[in-house]
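Once you have looked at the hints, place chain B on chain A.
Number of protein chains: 2
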Amino acid sequence: MTVVGIIAEYNPFHNGHLYQLEQVREQFPTATIVVAMSGNFLERGEPACLDKWTRTRQALTAGVDVVVELPLAFCVQPADRFALGAVKILKEMGVEQLFFGAEHAEYDFNLMAEKTLNIHGDFSKYNESYAAAYQRAVYTQLGYSVDTPNDLLGLAYARANVRLNARFRLVPLQRIIAGHHDLILQKKQNIASASAIRKQLQARKIKDVKTYVPEITYKAIMKQPLISWNDFWPLLRYQIETSSLQKIRSLYGVGEGLEYRVKQQLEGLPEDATFDDWLKAVKSKRYTYTRLARLAVAILVQVTSGEVEEVEKNPYLRLLGFSFRGQCHLNKVKKSSCYPLITKITKDNKKSTLQLDYRAGNVYALATGVKQDLRHIPLRIH
Amino acid sequence: MTVVGIIAEYNPFHNGHLYQLEQVREQFPTATIVVAMSGNFLERGEPACLDKWTRTRQALTAGVDVVVELPLAFCVQPADRFALGAVKILKEMGVEQLFFGAEHAEYDFNLMAEKTLNIHGDFSKYNESYAAAYQRAVYTQLGYSVDTPNDLLGLAYARANVRLNARFRLVPLQRIIAGHHDLILQKKQNIASASAIRKQLQARKIKDVKTYVPEITYKAIMKQPLISWNDFWPLLRYQIETSSLQKIRSLYGVGEGLEYRVKQQLEGLPEDATFDDWLKAVKSKRYTYTRLARLAVAILVQVTSGEVEEVEKNPYLRLLGFSFRGQCHLNKVKKSSCYPLITKITKDNKKSTLQLDYRAGNVYALATGVKQDLRHIPLRIH
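Chains as they are written, first to last, in the numbering used here: chain A, 72 to 453; chain B, 72 to 453.
Since the hints were made in silico from the structure, they are not lab data.
Put simply, identical chains are the same to the list, so a pair is met inside one copy or across any two.
As a list, the in silico DSS-like pairs of lysine-lysine whose alpha-carbon atoms are at most 25 angstroms apart: (1) Lys422 <-> Lys334; (2) Lys421 <-> Lys318; (3) Lys442 <-> Lys422; (4) Lys422 <-> Lys318; (5) Lys415 <-> Lys334; (6) Lys318 <-> Lys334; (7) Lys354 <-> Lys442; (8) Lys159 <-> Lys384; (9) Lys276 <-> Lys290; (10) Lys442 <-> Lys351; (11) Lys418 <-> Lys354; (12) Lys334 <-> Lys442; (13) Lys405 <-> Lys422; (14) Lys384 <-> Lys421; (15) Lys318 <-> Lys442; (16) Lys351 <-> Lys418; (17) Lys418 <-> Lys334; (18) Lys334 <-> Lys421; (19) Lys318 <-> Lys418.
The structure presented is a predicted model; accordingly, all values stated were derived computationally and were not measured.
Only chain A is shown next, with the shape it has when bound in the complex:
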């Protein structure tokens, strides 16, 4: 009985995710599938369109055995840090094999990881974005570009696997749709990318996505308001208006004078400006939209550098849901892991370990109207 790990956002959970799980089950019918899932704020610096409990239920229904939440400190991060955090958690969860989608499943990700292991995080001296500098460094080491989002993430997982000595067997799965951002369908007519689905949802073409998502996702989409940056923009704007430069500077990911840009560019915008208007105004050659969107999450949730460091020093396993098979596996994890396994918010942990995630949940709840952590226990599906 092997333990398979998947790193996911499920934003929202769609047929491509279902297909991935089917592939796992086909290869390992009795595997325990553990998913490390982003919570309510995601890798690319945006709120999840559906809350973490809704997405957990979807994943469990589709056959996942355990869902643990990636702490916000790990998941609202560039690919390499995101991967390090996720692999760290899956390692503690006893994962043996890591499945992930890739545009080029034929790549030898282990070899690529070994070759690029000397690439380290600080590209701040270049007059280009972090992502561009990173890709250039990869190109220099490998002799060819890795420039599609899933391949890049796969490489980041592989690098984290080596760096953390997690010893995962890597299983890249060929992505069966054209690209991350297209609605072009290949082979299977009922698969589209998450971003394509979100695009349709934003355009309120809800019925159009029915083909591409499982029934449970479609029901949630029909019933719940879909959350986006638009819901948080008034709060972010207010936060920037009332924050001193000094305060913005103390937040995670600010630096290099970005605090001035953040405030100044807002001041020039009209009162009816949107989140995207602000992002465009702050954008420069140096910063990608994604970097700035992550910064926006840090401002919105008031993430300090100290808090991120604290989670890095003292990571934890936050359980969101499990199946019967998952429960058996969790009993083992409880004994083997040196990280605390957290099943609910308590008076103590909301002021210490979970402080940041708890606050993020409270902010998210301002848009959904549904509390995210208080009075929640992990979902169980048998």
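What follows is chain B alone, placed relative to chain A:
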């Protein structure tokens, strides 16, 4: 040519205010009437129902010659501090006589002021509200109660007059309506209190207030959204959710452990709670609703103690509007006053002198959708 001062909020400007101006003109047809008016946040800890420019226009149209803005640091304050700030400003504006409404215009406010001059601000040791303790101290000194809102304010003006050696001649005008909070009409059928008018407006009985306000106010009410705490509650809630105890503690008017109450009581509220629900939850014997509402403004606008002290040390005259007669008077004030006369926001003053008022305006603009300070110059009416 005398200079008459009035301290006002004009929330909104109504026939009672008009009547007060008529009384002044009747007694002093050629007087220059200078009004020190609260800006967008008011004495009782609430946003103004119409913005400061709209209210300034109403006042000028009704015959006021100069409107200067009471800095937020002076006006979102208990009566005695509010009065001190306002009298300080009117003194610099060359005011000679102070007109104010009173439930008992027959009182000798000068004498009352002299008798109660030894009453000073700190009542924090009593297990009762500041206001109650203050009234009790007044009762002890005078031998009778002063417990109606306008008499209390009048006494506060009189005390400030003595303390600041402003030498204003005090002119109390008998209020011609029953009480501050009633819609009961006496003598003149077209006068109602501001709070009664706001109550009707909140109940969306807009047409019902037509009788009680000048045409210009009625037009503004019909055209502009009426602002209340409801508009800022999502922002306040968000601010409390994301602020650390330490940060709340650094704000003006917090202390005595109030920061814990502010956060804890919010946590217990449902997601659909209103501003009033929160206020009720935080309320205790020790704190009046008004005190807590002022605290809410401090949290919303992020008013620090240091900022309030700064304004107290370096006051200024912020001009909102003037008539031709007002302009002549302003030329004198410019020469005689040692306070800066500010006519617009500049790169410099928005980071120094006007920092707090500018921020308050930006927060207010999040509800109105209309910038409050940038690109505004004083209104002129001839």
